[in-house]
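**Q** This is what each chain is made of:
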Amino acid sequence: MRAEELKGHLDAVLLAALEGGPRHGYAVMEALRQSTGGRLDLPTGTIYPALRRLEQAGLIRGSWSVVGGRRRREYRLTAAGRRALSGKRADWRDFAATVSAALEGRLCPDPG
Amino acid sequence: MSGPRLISDYLAVLAAELPASIVEELADGLAETYRSHLRQGLAPDQAAESAVAEFGDPHAIAADFARVNPARRGARRLLATGPVVGGCWAALLITGRAWAWPVPLPARIGFGLTLLTVIGLLAAAALWTRCRPAARAGIAGCLGIAAIDTIAITSAMLAIPSVTLVMIGAMAASTARVALSVQSLRPILT
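Taken in sequence, the protein lines are chains S and R. All residue numbers for the first sequence refer to our numbering, where the first residue is 1 and numbers rise by one. All residue numbers for the second sequence refer to our numbering, where the first residue is 1 and numbers rise by one.
There's no promise every hint is true.
[To be verified] Just so you have them, the derived chain S footprint on chain R, three or more residues with Cβ under 8 Å:
1. 24-33
2. 65-72
[Claimed, not checked] Not everything, but these chain S residues come out facing chain R in the computed CB check (under 8 Å):
3. HIS24
4. GLY25
5. ARG39
6. PRO43
7. THR46
8. PRO49
9. GLN56
10. GLY69
11. ARG70
12. ARG71
13. ARG72
14. ARG89
15. TRP92
Hints in this document: simulated from the structure, not taken from any laboratory. We treat Cβ as the ideally placed atom computed from N, Cα and C, and that holds for glycine.
Use the sequences and the hints to build the structure in full.
**A** This is the structure:
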C-alpha cells in the first residue's frame, strides 16, 4: 500500500503504532512494517512531519533523550490521543463495513 | 560515493531548509535506517543508498514540515484577526474624530508603514514554503503586531480623555491579540 492510498488514515495508523508505548520515528515505521507484514510502503521521512502535526494537535507528546551519543525524539500518546484513536478505530470499522457491503453486495451490518 | 558521505549530503539538503532540532531527529532516524541495512548484510554504500531511498525525497519532507510549521499557523491566526481588530479601531478613530488629534504627520506615516510591514511579514510567514525564512518572518510579525497593539492601546489612553464603550472594545480586541501573539510565538521559538 502506497502513501497516497493511506491518505486520510495516516494519523490513525501512527496513533495505533504508539499505543503500545513511546517510540521514536524510525521505531514507529518499524512497528507499522511489522504489524502490516511489510505491506505499508511509506517513505520513512514522511512520518516525521506527520508526528509533529499530531504533537501540535495535542494527540501525542514528544520528548528528547540521548541514545548512543545522539539526541533522539520519542513520542507517546496523550489522553486526547487515546480518545482520538478510539474514535478513529470506530469510524474505520463503520467505513470498512459499509464499503465492503457495497463492493461485495452483502447487507451492511446494523451499526446499532 | 561513500555511504556516510551520501547520508551527510542528504542531511545537508534538509539542513538548508529545516531547523536544527528537526534535522537532528531526522538524522537519528536515517542513522537507524542505515544501521538496519548494514545488519541485513548490505555493504556500506548499498546500505546508505537504501536508507536514503527509504527516507524519500528530502525536498518533499521539507515541504511537509513547512505545512506544519507553527510560524505559518500563528501568522494565519493573527492575519485572520486583522479585520476584527482593525474594525474596532476604525470605529474608535471615527467616533473619536482622530483626524483632529495632535499627532504629528511623521508619527502617523511611521505607524502606517510599520503596520504595513508587519502585515507583510505575517503574510510571508503564512505563505512561505520554507521553514527557516517563514519562522524568522513569523517571529518578527508576532513581535511587530504585539508592539503595534501596545502602542495603539497606550496612545488611545493618552489621547482620549473619557472612556467610551467603543474605546473599551478596541482596547479589549488589541489586548486579546497581544495574548494571541505571545501564544503564537512560543511554539515557533521552542
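**Q** Would the hint on GLY69 of chain S be counted as holding, given a Cβ-Cβ threshold of 8 Å to chain R?
**A** This interface hint is violated because 11 Å lies over the 8 Å limit.
**Q** Minimum Cβ distance from ARG89 of chain S to chain R below 8 Å?
**A** Cβ of ARG89 of chain S sits 24 Å from chain R, so the hint is violated.
**Q** Measuring from the C-beta of PRO43 of chain S to each C-beta in chain R, is the shortest one below 8 Å?
**A** Holds - the Cβ of PRO43 of chain S comes within 8 Å of chain R, reaching about 3 Å at its closest.
**Q** Given GLN56 of chain S as an interface hint, is its Cβ closer than 8 Å to any Cβ of chain R?
**A** Holds, because the Cβ-Cβ distance from GLN56 of chain S to chain R comes to roughly 6 Å (cut-off 8 Å).
**Q** Tell me if TRP92 of chain S is really an interface residue toward chain R, meaning its C-beta lies closer than 8 Å to one of theirs.
**A** violated, 23 Å
**Q** Check, residue by residue, whether the region 65-72 of chain R contains three or more positions whose beta-carbon lies closer than 8 Å to a beta-carbon of chain S, and give the verdict.
**A** holds (count 4)
**Q** Does ARG71 of chain S hold up as a contact with chain R if the rule is Cβ-Cβ below 8 Å?
**A** Since chain R brings a Cβ to about 5 Å from ARG71 of chain S, closer than 8 Å, the hint holds.
**Q** Tell me if ARG39 of chain S is really an interface residue toward chain R, meaning its C-beta lies closer than 8 Å to one of theirs.
**A** Violated: closest Cβ of chain R sits about 15 Å from ARG39 of chain S, beyond 8 Å.
**Q** Should the interface hint for ARG72 of chain S be scored as holding, given a Cβ-Cβ cut-off of 8 Å against chain R?
**A** Check passed: Cβ of ARG72 of chain S comes within 5 Å of chain R, closer than 8 Å.
**Q** Confirm or reject the coverage of the region 24-33 of chain R by chain S under the rule of 3 or more residues with a beta carbon closer than 8 Å to the chain's beta carbons.
**A** Coverage by chain S holds here, the residue count being 9 at a Cβ distance below 8 Å.
**Q** Let me know if the C-beta of GLY25 of chain S comes in closer than 8 Å to any C-beta of chain R, holds or violated.
**A** Given a least distance of 5 Å, the restraint on GLY25 of chain S holds.
**Q** Is the shortest C-beta separation between ARG70 of chain S and chain R less than 8 Å?
**A** holds, 5 Å
Hint check: violations occur at hints 5, 10, 14, 15; the rest are consistent with the structure.
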